[in-house]
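J.: Put chain B on the given structure of chain A with help from the hints.
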Amino acid sequence: RKEVEQDPGPFNVPEGATVAFNCTYSNSASQSFFWYRQDCRKEPKLLMSVYSSGNEDGRFTAQLNRASQYISLLIRDSKLSDSATYLCVVSRSGGYNKLIFGAGTRLAVHP
Amino acid sequence: SAVISQKPSRDICQRGTSLTIQCQVDSQVTMMFWYRQQPGQSLTLIATANQGSEATYESGFVIDKFPISRPNLTFSTLTVSNMSPEDSSIYLCSVRDSPDTQYFGPGTRLTVL
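Protein chains in written order, with the numbering used here: chain A, 1 to 111; chain B, 1 to 113.
Because the hints were derived from the structure by calculation, they are not lab data. Possibly wrong hints are sitting among the right ones.
Stated by the list, open to error - Result set (EDC-like, lysine to aspartate or glutamate): computed pairs, CA atoms no more than 16 Å apart in a straight line:
| # | chain 1 | residue 1 | chain 2 | residue 2 |
| --- | --- | --- | --- | --- |
| 1 | A | 98 | B | 58 |
| 2 | A | 45 | B | 97 |
| 3 | B | 65 | B | 87 |
| 4 | A | 98 | B | 97 |
| 5 | A | 98 | B | 100 |
Claimed, not checked - Some chain B residues close to chain A (C-beta under 7 Å, calculated; not the full set):
| # | residue |
| --- | --- |
| 6 | 42 |
| 7 | 43 |
| 8 | 61 |
| 9 | 92 |
| 10 | 100 |
| 11 | 106 |
| 12 | 107 |
C-beta atoms are modelled at their ideal positions from N, C-alpha and C, and glycine is treated no differently.
Bound-form chain B, shown alone:
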């Protein structure tokens, strides 16, 4: 199974600032995703991080707000830009190494004041 690490594990930020979250996988994976889990709610897919091309965003999420990089098959970053308190959430990186198996990173707990 894939082992995923995320940095930072948590952060408290001021509104208007930006935070970049890093995701590192211990093996090369084709499919890499970013999710958000707001308090008491389930996971919502933000975007699919594509290696060598622009990310594919889900409805309600835009590149200006959540720019994503994927320079290689083991690493990706998600930036939360111009943050507001509504962005307070857990952000999770996820990878799929087979059609039926998807793994999640430990998450980044973000609080925006």
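If we strip away everything but chain A, and leave its shape as in the complex, we get:
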């Protein structure tokens, strides 16, 4: 079983739609949680950190459920420019807190 699991998608949604991505992680000792965005043929870039209390950044809302080892990302009012792969990332405890990447969920927003 992979340490970080995501639905690969693709999610095909129209502009303006609300879309939610889910992610589960297997290591209960994981300490930090992130969503990264990777555009086609580009490097990953940090979208947002995920906090236990939930956090919002504009149209993006991230939630963490430590008991269920579950992370989510909600995108409201989808834009064409949101089309990308969204990577769920977990920081493993110990040493320098190594980042473990999920395989990503692909989102395609169409007109």
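T.: For chain B alone, kept in the frame of chain A given last:
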């Protein structure tokens, strides 16, 4: 935020040869990493490049195959040795300048024939 450049951006190589990838950062950073992203897959950490000492390799990766240098706090190289088609991948340099922020270089797209 850290700005990372990598050279070459892409290369096509013959099996059995070696390629050295360079990573340059615009500021001094303590933590520097090398990742691999195979087609359609997510990122896998190869090793942590330590300044002034040997790199720390992840399970499945060895120094003979992926020697790494880190002569200072702004530069590192990764060599892919004795390449085979299975080494075809994108290789990414990454740095961390705070516990919550990690940046990636643009990647080196390697094709081995």
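J.: Please go over all the hints and tell whether each is borne out by the structure.
T.: Structure-based check of all given hints:
| no. | hint | in the structure |
| --- | --- | --- |
| 1 | A/98 - B/58 | holds, 10 Å |
| 2 | A/45 - B/97 | holds, 14 Å |
| 3 | B/65 - B/87 | holds, 10 Å |
| 4 | A/98 - B/97 | holds, 14 Å |
| 5 | A/98 - B/100 | holds, 11 Å |
| 6 | 42 | holds, 4 Å |
| 7 | 43 | holds, 4 Å |
| 8 | 61 | violated, 13 Å |
| 9 | 92 | holds, 6 Å |
| 10 | 100 | holds, 5 Å |
| 11 | 106 | holds, 5 Å |
| 12 | 107 | holds, 5 Å |
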